[in-house]
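Protein chains: 6
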Amino acid sequence: MTDHPLKPETKARLEAVSVATLATALYKRGLRNQAIQDVRPLAQKGRNMVGPAFTLRYMPAREDRNQLAEFRNPDHPQRKAVETCPQGHVLVMDSRKSAYAASAGDILITRLMVRGAAGVVTDGGFRDAMNIAKLDMPAYHNRPSSPTNLTINEAIDINVPIGCGDAPVFPGDIVVGDDDSVIVIPAHLAEEIAEEAVEMTAYEDFALEQVQAGASIIGLYPATREENLTKFAEWRKTNNR
Amino acid sequence: MTDHPLKPETKARLEAVSVATLATALYKRGLRNQAIQDVRPLAQKGRNMVGPAFTLRYMPAREDRNQLAEFRNPDHPQRKAVETCPQGHVLVMDSRKSAYAASAGDILITRLMVRGAAGVVTDGGFRDAMNIAKLDMPAYHNRPSSPTNLTINEAIDINVPIGCGDAPVFPGDIVVGDDDSVIVIPAHLAEEIAEEAVEMTAYEDFALEQVQAGASIIGLYPATREENLTKFAEWRKTNNR
Amino acid sequence: MTDHPLKPETKARLEAVSVATLATALYKRGLRNQAIQDVRPLAQKGRNMVGPAFTLRYMPAREDRNQLAEFRNPDHPQRKAVETCPQGHVLVMDSRKSAYAASAGDILITRLMVRGAAGVVTDGGFRDAMNIAKLDMPAYHNRPSSPTNLTINEAIDINVPIGCGDAPVFPGDIVVGDDDSVIVIPAHLAEEIAEEAVEMTAYEDFALEQVQAGASIIGLYPATREENLTKFAEWRKTNNR
Amino acid sequence: MTDHPLKPETKARLEAVSVATLATALYKRGLRNQAIQDVRPLAQKGRNMVGPAFTLRYMPAREDRNQLAEFRNPDHPQRKAVETCPQGHVLVMDSRKSAYAASAGDILITRLMVRGAAGVVTDGGFRDAMNIAKLDMPAYHNRPSSPTNLTINEAIDINVPIGCGDAPVFPGDIVVGDDDSVIVIPAHLAEEIAEEAVEMTAYEDFALEQVQAGASIIGLYPATREENLTKFAEWRKTNNR
Amino acid sequence: MTDHPLKPETKARLEAVSVATLATALYKRGLRNQAIQDVRPLAQKGRNMVGPAFTLRYMPAREDRNQLAEFRNPDHPQRKAVETCPQGHVLVMDSRKSAYAASAGDILITRLMVRGAAGVVTDGGFRDAMNIAKLDMPAYHNRPSSPTNLTINEAIDINVPIGCGDAPVFPGDIVVGDDDSVIVIPAHLAEEIAEEAVEMTAYEDFALEQVQAGASIIGLYPATREENLTKFAEWRKTNNR
Amino acid sequence: MTDHPLKPETKARLEAVSVATLATALYKRGLRNQAIQDVRPLAQKGRNMVGPAFTLRYMPAREDRNQLAEFRNPDHPQRKAVETCPQGHVLVMDSRKSAYAASAGDILITRLMVRGAAGVVTDGGFRDAMNIAKLDMPAYHNRPSSPTNLTINEAIDINVPIGCGDAPVFPGDIVVGDDDSVIVIPAHLAEEIAEEAVEMTAYEDFALEQVQAGASIIGLYPATREENLTKFAEWRKTNNR
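Protein sequences, first through last, are from chains A, B, C, D, E and F. Numbering follows this note's numbering, with no gaps: position 108 of the first sequence is 108. Numbering follows this note's numbering, with no gaps: position 229 of the second sequence is 229. Numbering follows this note's numbering, with no gaps: position 31 of the third sequence is 31. Numbering follows this note's numbering, with no gaps: position 83 of the fourth sequence is 83. Numbering follows this note's numbering, with no gaps: position 147 of the fifth sequence is 147. Numbering follows this note's numbering, with no gaps: position 15 of the sixth sequence is 15.
So that you can see chain A by itself, here it is in the shape it has in the complex:
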């Protein structure tokens, strides 16, 4: 699905930076719309979700095709997506930005976790959200929504390019979520973005310390004063960054 599998060291780097920093690194390359808009973690986990995207596309439900009996079909795309999402991947659902009905519930999301997925994101809402919040696997949505997804959505395609929260998501793109939000890194850029973000994070951590100690942001953030670069070089040595 992608020629750019996620390397363990890239994953480790992406676990150590914020979505905000990644957004800026992407912005430098002209990519402005990679943040998945208006989703939030069901629970703050204090660690990042990182993994390649495995996608599910919903379309508007037509009533005659979306009776509960549909779920008896072992090939129903929603069920199949949960059972085939590769280990370490993030299941990203295009729920057409509507939380009127659920994108999935706790049984499916638990199954996804047991199968080894890295996380799940929908631009709709989860049912049983109070339970999904307690799972060990990160999950992101717009808001809790109890009606079954059949009410408005039909799962139609697995692992095709989709939109999620107005962001473009291609299968294999690297999805990163922190306690604030979620962003999508094009697969071919993941490595360089991860490296750059680690560098940026080092400087941001340094700058934050300086600011906490009373420094002005002018000349420091960004580093337009030479002395700040010197200080930073020392800080890196001292802090082993």
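Quick caveat, the hints were computed from the structure, so don't treat them as lab data. A hint or two may mislead.
Treat identical chains as interchangeable: a pair holds within one or across any two.
Pairs of lysine-lysine, BS3-like flavour, derived with a Cα cap of 30 angstroms [claimed, not checked]:
id, residue 1, residue 2
1, Lys7, Lys45
2, Lys134, Lys80
3, Lys80, Lys45
4, Lys237, Lys97
The hints should help you fit chains B, C, D, E and F onto chain A, whose structure is shown.
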């Protein structure tokens, strides 16, 4: 107001199931829009709100009819609703889906609680939400909103059929809220829906255990493989469900 | 900027009342739209934010004027606002009610705090919200948003009259935030509103106690029964209010 | 229904002024929200719709109560509203600001016209709008909408106070529509508002002529220069206004 | 693509009925969401657009994949859709309900017309709308929008199931548009829906005539009085319907 | 206000091209958000509006500052903007994207026309829209809106950078409107954009003719086949373009 008063055993059943399960049971009967959209608990209580609906309808406020002095009228519908909502009932407010101003504040909601109401729901917002969240009675709204309700709303009718969060609510309908959301069960269906939901919950609990233990959802959820029904029968015995 | 500096005793009074009570006091004077709509605290602090407004206006970003290099300009209005916001003031940002991109992040907001600001409000969203939430200074926004503000906004004006969450904000107006929401008091009214709100709060506290003890709201809230005013007078003595 | 029936001379006055002028006259009395927001004429008639409001309230549809067979009930409120709306009245529908489904279609609206209604307004949409547009009776809505109203709405109440396009509408209020929009005048104010609007219109017509002839608006609109009042007095004589 | 090609006689029937009537016929079969919401004809043509759906799916644009040079690719899905849409078909575009940028412009739509398409629908907006309005082929959109579609959309799939204006659209479904709006008939139902709609239209035309002549709608619409069915039978003979 | 006055020949060029073509020319330079979103002409004039922007900024109205008497102030910014907008300029109003109340009415807009303005744009709505539509000067808005602008807006700044329909507008930028929509060209780019757009228009006119005559768009639009460039060269000679 209704020929279908809420039986204690039905209430007990509805306290033991999730809104998501109820939504599916209603869906089976062709009722797709009974969830009150875009409301959330002010605080997660870890238990369900269950009670018949007692309703209050707001209309847009006309300034000359909505000065603060209006509240001096002992028959002001908002005040009267709080003082006449029967014990065990849920006060449901049609605030025209706007949280621009408050639907009510902590003094009124505390009074409602003291009077024995089962809960309160508005598709607008509460003022003093930080205090209402701490009350022992569940409350649901869209978001905190501090301006007095007179700013945009006039309380006009008590206990008439209303819309709340785009759901139809008839006086006497059974309102159930959990830590995720709120749903409205037509009064005449409450008993059968409650029974069915308890059955469904038993299976869902069983299925979740199986999934946690590594089972695939295919053939299990829903139960299209005979063996899962057999296992479930055993599980019920073992677990006394 | 204003002929009505915030007196310490007024500040103290405003720290002891709720935004809801202030909204009603303003409503009595015909001011209905002073609440900043659809913002919330990043963390509930259990105390009020109070301070005169210092404003920042954003306009839609034009790409050629909003490359990252812009931040190297020491006079960039966003940076300058953070470095010049007077001690004790609240920085209020007109982010055009969009949280598509960030209004600011943790380094700038930390600097603002270190410089002695009383708080910060945007009708957009903050990046690094998880960190800003932990700061000792109150912050209010719509939702976390990770993309850099350059993505959609250009900081264009400092300390001009603005709109924030559809409320009018003039430099020097007194901004008060509690655990629910934020309101803007015209500078020339702050003193009288603060005094009146303290009086109203005393009565509300009394009324809430009465309600908790079983009293009806009719005749009590508002106080249309003479006996309640008598009781209140006694309560004030007993409680030293 | 109202103690303030519409007098023929008031009606005549209201036919000769614009909704904009009426909005300003109401504004002077503190009434800011009487315009029905976001509705438009199906066709520009070049004349005003004027009449007392006769109202119909919709609530969200529950599927089991809203099958097509419901229309066979001669007392179905939508049908009944059409058959009982008094001559010269305007049927105003609270369609919950949704044009997802229709508020009514051409057969009902034609019947309303034949029965002598002065017009019809919904904050939803009409089906068969292309035909209704050609009728001799003015009609206002948000946009054409073809699905039957049962899809989302149940007609529940006739001639109760409602909201329409966020404006408060009481039965008997005077509804005026022109080629731009629609406004609601509280019944007890209709006479004085009509008189004042006629006066204002005279001055506006005079001012427009002056402006077309090259006059500055400063001192003319509003008339703060004495000479303009003198000129206006002459103009009234000359033009018999 | 479909086992249910559109028969000439079905097409003729669908050209002679309104979208409103079709919506009701679908409603009777439990299909409530087949109307494409919030689109309108660029120009009222006074005749129906009828044809099987040929679909184009847009996803959010990623800047590096959506430079103008992309259009030089002869296989670009937008261009290809225009060049491969079969004669007599309606090109239906899923533009993610956004008219921020264009779905297509006059050169492409003219080409579509020259190639024999029956019409075009987008839930976004067309550029050069003033020119497309003058073409002989019907076109429907939300509003004119001048920016190139690359600004927000990437054409990604041809002739897959899509959503358009929240309606489900499968390739081969029959799309019908009149001067008000557009609806989607599942391919396998087109024939029976067309027949039923012709019958319904006959009765509606009869009922409208009766209403114009002064008849009440009670007992007439729907026909619950026997005499109206008798009159209708005569009317059909007289009018050859 | 700008170092880039609009040259007569640039104006002439901009009168001869469409907003869509200008949008593409700006897109090539990385400017994606220059179209003023969701505004439309009050009447299609069949010719372009072209002129430098003169801006007016509205902020939310505070009731005590926005009584009708304010208009008696000869320096009221709305009045002053109308009386000082330079000849040939387009008055662009930032009405905070709300048409709840009017941005201006026919007397002011007529005065603007008499004073020689090139046009007027608001992202709100005009009152007396039916009259403004008939004026000889182009006007663009969202929808007709009758309430006086004081209802929600206070005019606060003249000729500062603003947002209008989410587009950045700097005083002196060149504003172009056609029968579809409006776009803003940064002043320093106007000349080169105008020249390029004229060239593009020539090719588009040629391509449209080819398409009308049966040509495929592949290789023609854009011109990736050499032969089309040859044909175009001939066409230019023949057509004197």
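Status of each hint after checking the structure:
no. : hint           : result
1   : Lys7 x Lys45   : within (23 angstroms within a copy, 42 angstroms between copies)
2   : Lys134 x Lys80 : within (24 angstroms within a copy, 41 angstroms between copies)
3   : Lys80 x Lys45  : within (27 angstroms within a copy, 35 angstroms between copies)
4   : Lys237 x Lys97 : neither (46 angstroms within a copy, 43 angstroms between copies)
Hint violations for this structure: number 4 only, all remaining hints satisfied.
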